[in-house]
Amino acid sequence: MLKTPEDTLSQKRRVQSIEVGFRVIRVLQTAHEPMALRDIAQAADMPPSKAHLYLTSFMREGLVAQNPQTARYALGPYATELGLSAIRQLSVVEAANAEMAELTAHTGCATYLSVLTEFGPAIVSKVDGSRQGAFTVRLGHVLPMTTSATGLVFLAFLPEPQTRQPARASRQHAIEAADAVKPPTRDDLATVRQKGYATTSGLINANFAAISAPIFDYSDAMAAALTLLGPDKYLAGERLQPCIDHVLDAAARISAKIGGRVPARS
Numbered sequence: 004m005l006k007t008p009e010d011t012l013s014q015k016r017r018v019q020s021i022e023v024g025f026r027v028i029r030v031l032q033t034a035h036e037p038m039a040l041r042d043i044a045q046a047a048d049m050p051p052s053k054a055h056l057y058l059t060s061f062m063r064e065g066l067v068a069q070n071p072q073t074a075r076y077a078l079g080p081y082a083t084e085l086g087l088s089a090i091r092q093l094s095v096v097e098a099a100n101a102e103m104a105e106l107t108a109h110t111g112c113a114t115y116l117s118v119l120t121e122f123g124p125a126i127v128s129k130v131d132g133s134r135q136g137a138f139t140v141r142l143g144h145v146l147p148m149t150t151s152a153t154g155l156v157f158l159a160f161l162p163e164p165q166t167r168q169p170a171r172a173s174r175q176h177a178i179e180a181a182d183a184v185k186p187p188t189r190d191d192l193a194t195v196r197q198k199g200y201a202t203t204s205g206l207i208n209a210n211f212a213a214i215s216a217p218i219f220d221y222s223d224a225m226a227a228a229l230t231l232l233g234p235d236k237y238l239a240g241e242r243l244q245p246c247i248d249h250v251l252d253a254a255a256r257i258s259a260k261i262g263g264r265v266p267a268r269s
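If you number the sequence shown the way this note's numbering does, the last residue is 269 and the count never jumps.
Take the hints with a grain of salt, since some may be wrong.
[Claimed, not checked] Derived pair list, reagent style DSS-like, types lysine-lysine, alpha-carbon separation capped at 30 Å:
(1) 53 with 236
(2) 236 with 129
(3) 185 with 198
(4) 198 with 129
(5) 129 with 185
(6) 185 with 260
(7) 260 with 198
(8) 198 with 236
Just so you know, these hints were derived from the structure itself, not from any lab.
Construct the entire structure; sequences and hints are all you get.
Right, dumping it as structure tokens:
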């Protein structure tokens, strides 16, 4: 079959060494027990010396581990983290769909779900509301850690080592954009944890306010953040607390769907 220009371009953009290296990972993925180097090389169809180079590199990143007594190889701890993270993110998006739609129907505000990346919280699912006017929530958009309700929830409910890099990236972006950013204090984050949610108004988008709450998975770790975004004049006064309650209730139901704990309401 003749190759199209698109096929040729796609092949040029591929990183062949990564594809070859992942032949080793796939061998370990399908193995029922730790394997010797010669068996890995044979199954991956490459010389043992080449397989050893890939295994050494993957060991440095935690994708592969070697038993010092038997010298056999198996998937490492980071491979487990990747798998659990993928399962968690896929399941939380599916579990949140109906709750997000109901939350938007109740309030008329936009609702979105975010997961933490190395650059900050990224929006992975959304439901547009009738009150947001021409403002659009974009899938894939990365929110700042220190000036968004979503980011504050991640800072408050995740261990500091997990948020260090996203927070650093967020601060660097703020410096480059010449934004005045005042990082939240320990007391600020303690207050978010105590209340179970974070709110902001006008910090990112003028005339808009946000309410965000954490979603927890089966391991009691924060898996995602559920955020309600609407006009600051609407998310205020006597309407604010009912909207907060709607967000907290929806986040709790999503947590329950993925086997997570439901935080006690203070």
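Satisfaction of hint between residue 129 and residue 198, Cα-Cα up to 30 Å: holds, 24 Å
Hint consistency between residue 198 and residue 236 [alpha-carbon to alpha-carbon, up to 30 Å]: The given pair, whose Cα atoms are some 22 Å apart, holds under the 30 Å limit.
Satisfaction of hint between residue 185 and residue 129, Cα-Cα up to 30 Å: Since the Cα atoms of residue 129 and residue 185 sit roughly 28 Å apart, the hinted pair holds (cutoff 30 Å).
Hinted pair residue 185 and residue 260, Cα distance within 30 Å: violated, 36 Å
Hinted pair residue 236 and residue 129, Cα distance within 30 Å: OK: residue 236 and residue 129 at ~22 Å, within 30 Å.
30 Å limit on alpha-carbon distance, applied to hinted pair residue 185 and residue 198: Within the cut-off at roughly 21 Å; holds.
Distance restraint between residue 260 and residue 198, which requires alpha-carbon spacing of 30 Å or less: holds, 22 Å
Agreement of residue 53 and residue 236 with the hint, judged by alpha carbon distance not exceeding 30 Å: Violated, because 63 Å separates the two Cα atoms, which is more than 30 Å.
Of the hints listed earlier, those the structure fails to meet are numbers 1 and 6, in rising order.
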